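S.K.: Going line by line, the protein sequences match chains B, A and W. For the first sequence, the numbering used here assigns the number 1 to the initial residue and increments by one for each residue that follows. For the second sequence, the numbering used here assigns the number 1001 to the initial residue and increments by one for each residue that follows. For the third sequence, the numbering used here assigns the number 2001 to the initial residue and increments by one for each residue that follows.
Since the hints were made in silico from the structure, they are not lab data. Some clues are possibly wrong.
Straight-line alpha carbon distances no greater than 30 Å define the calculated DSBU-like cross-link-like pairs of lysine-lysine that follow [as the list claims (entries may be wrong)]:
| id | chain 1 | residue 1 | chain 2 | residue 2 |
| --- | --- | --- | --- | --- |
| 1 | W | Lys2170 | B | Lys134 |
| 2 | W | Lys2088 | B | Lys351 |
| 3 | B | Lys351 | B | Lys185 |
This one's a predicted model, so the numbers in the text were calculated from it and none came from an experiment.
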Amino acid sequence: MKQKILVVMCCILTVISFGAKKTGVIKIGCVGPITGDQASLGLDQFRALQIAVDEANAKGEIIPGYRLEIVSLDDQHNPTQAVAMAKRLASDPAVVAVVGHVNSSCSLAAAAIYQNARLTQISPSSSNPEISRKGYDTFFRTCATDDIQAPQAAYFAFTQLKAQKVFIIDDKTTYGKGIADEFEKEIRRLGASVLGHEGIMQADKDFTPLLTKIKALEPDLIFFGGMYPEGALLVRQSKALGLSATWLGGDGIYVSSFIDLAKEDAEGVYCTFIGADVSTMASAKNYLETYAGRFGKQHMGPYSAYAYDAANIIIDAIRRAGKSGRQAILAHVRLTKNFPGVVGVTNFDQKGDSTIELIGVFRVKNQAFDYVGPAK
Amino acid sequence: MSPFETFIQQLINGLSIGMIYALIALGYTMVYGIIQLINFAHGEIFILGAFFALFVFSFLGSFVPLNNIVTIIIMFAAAMAGCGLLGVIIERVAYRPLRKAPRLACLITAIGVSFILQNLMMIVWGPIDKSFPVFFKHVVFTVGALRITFMQGFIIITSLLLMISLHFFVRRTMLGKALRATSEDMVAARLMGINVDKVISICFLIGSALAGAGGVMYGMYYTTITFHDGYLVGIKAFTAAVIGGIGNVPGAMLGGVALGMLEGLAAGYISSAWKNVFAFLILVLLLLCWPSGILRKFRNE
Amino acid sequence: MSKKNATSGYNRGRLLRTAMTVGMLAILFALPYFNHNEYQLDVLVSAGIFAILVLGLNVMTGYCGLLNLGYAAFFASGAYTYAILNVKYGLSFWVSLPACIISAGALGLVFGSCVLRLKGDYLALVTLGFGEITRIALNNMDGLTGGPNGLTLSHPVIRFANKSFDFGIKSLPYYYLSLLALLVTIIIMRRLSNSRFGRAWIAIKEDEVAAACMGINTGKLKLFAFCIGSAIAGFAGWLFAGKQGFVSPESFDFTTSIMLVAMLVLGGIGSISGAIVGALALTIIPELLRPLQEYRMFLFGAIMIIMMLFRPQGLLGGVRIFEEFRPVSERVRQEEDEVLAEDLKQ
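The shape of chain B in the complex, shown without the other chains (with noise of 0.2 Å):
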């Protein structure tokens, strides 16, 4: 009898352990992975959350009687997570809209849910196509799609740095595997030719396997389509291996973690970006100083801006409508024309891409990211 008594017991406690809930707010939901390898990504994007929800509460209410609040959670970039973050958002209704999720994996999966309970979902970084291909009309982004960056990187490979035999590595996640085949479409349509399109597991450590495979091939240029972590062990381990092939990368290994971790070898990779310099934009002026002044400029990521711009094209929507309720905020985040953010003039359009098409080249030089300049 006292397994029974333990299992009611244990109902009990699940009933009364769980916290209660608030009113009165109008709540943003904040998704990323705020634990992990990948944290970094994913507290950025609530610091950019953060600064845009506590100036717009500066203001006074938002609309008459509502205050703004952040409801921040973690997809610890992981897809099964990120639904059921996403059901947990979709299940409070003081949430209106989402700003996330940071990895392509994930939008892809919880947009499926965000439609089921319209709710605007608003991505700064997740770049895939597929995503808004799926024909959901709760999912928005700020930043370009890699049906735009993959063509253009694969133009500047070809015209720029001349590459003629390329070598394509990807790390099969949504978002490396679909910039890489991209890629791959566009560089062969230019006529260069691909020596070979690998795959590699995310977490590994040993690529000099496939490194003594790729030198034997002689190709003068390599795309990688991945996040930074793999991307500064493939440089480095090249290098160890005297690959001399020059490294282009995705906006994946735009980020200062990337040279922190490939060091000296880092110097001469080439990566694209889905905009230019933010720091050297006029609009972003502001917005730079207060992330610095608040967090320290250190911790800026990539996408820093896009998630501020994502968070304000909400908030906008929010005072536009006049009142709380996710449908509403829905039609007015659509309505949203010509909207002044930092990384520049916002539309969305019909699939609920930024249309923003500008894609930057970078090239690490004296382990700073060095802008060439756009691609095309």
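Assemble chains A and W onto chain B, guided by the hints.
M.R.: Structure of chains A and W alone, referenced to chain B:
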């Protein structure tokens, strides 16, 4: 680069990581040989060795400028001492009280210890990859198109030295004899006046210290370390121990090298995305066809 | 003790047992009305699915002594069977159920027939390897499984006459569904553990040679246990995929397999209620610790160790738990046997 040179280069790459697997596999195999426990925390101890070394390195670096060789020696000493001690403490706290309990209970505490260590590393050193110091980066031995970096040579030689000294310790010293006796029959060993608890402690000490040394070399070779690195390398090292016949010290060395090379060749010639599958495929096939491992039969004689 | 007393004790025990069961069921069914919090219900649904999984694992490990460190692979085969049938062939949730159970069971049968000649830790290792291979394969076979992107599924719908009820993303329907599934599994487990097979399995676990001598076909019975355990994992996988509306390889990694073993051992190996308590505890504790953020899993590890140190046989450890439910007369007989055994020793 000719296909033959590529092949040899792949073997050298495989040998380097294989040596690290072998060092870690020794700890698994010794513990299993004595108390029949799959010590799931061993992979965590291994990567903690790298973190200990990194800590000492940044600590030293902020005080006195030392030359490279002295720094390397100090890093190794710190990692091996730290891990060895930790291994002993873990055994005392989490495994010894359960010696008479069902074996699965021990497995669960091992998993618990593994959780604790992994999350401790994440709390202390953060979740992001840490850059590890590299020494003698530009020392490269070249034969034709073949390249052996300093680290590869260093790993191969140091691991060999450590393994040979372990072999002599197990075969030639009284303590080694006690170790062998205990793994053969714990009750009989106790009846012969061997302090079994002490022997088990020493077994954990040596196994963990070797894993710590492996951790430092892993850090130097791959140049970045994260808190969750221990898991996959740990499982692979365990595979290596099984390949060599678990409980068998020379077998673990051979198993590590074999696994490293096979994995490297498979990743290089078949597919790198499936790289980790090969390691486990080897494990499954080997256990099915040759359940006692490569070297087990010698031991049974 | 007179015979009359013994019988009435037996009846009273049985009455109390029935009352407890009915009471508990009533509480579980009424629970959502007292507390309608999505997140908490969602955790309970997960706990229910894990409980089914642990019950399945219990057949292999608890009854038959076959340690399985790759149980997530069978869980995955159920989930992915439904996912693929749903996405590629448009089959509905309900129609795919038999396919999920059969595919997982068949996988268990094939895999089991290859590996069951191995014993103990070696078997555990092969299952570990198999689990990892399955996960990486799911990750790499993009065409079929969607690779790391996973597959997004449609929600279960019940059509009755011309009305339809969509399960949607709310947890409530899944709560009742998983409760029902758990009940079915428990009933099957109870029948099974008291059957000829159940007793044979325990005999094999205790002493395989002795069991074989008693005329038990150990090979076939072990395979049967493996097959049943896998089929139940497939059932749980089907439920999991339906509840999530999404499957990706991360849900079926080594940590999942390990957690399942931990649930089983923590609850008490070989006991049905132990398996359920273990699953509940290890699903709910990490959620309760969530506010501690990065200290969460650290504390969780500590809890696991402490629990094992104080109760190595598990919360509701092993055979002893059945003691209370056994008829008194039988208990007395066993006590007599024990006394006799003591006497013989002396």
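S.K.: Mind listing which of the numbered hints don't hold for this structure, in increasing order?
M.R.: none
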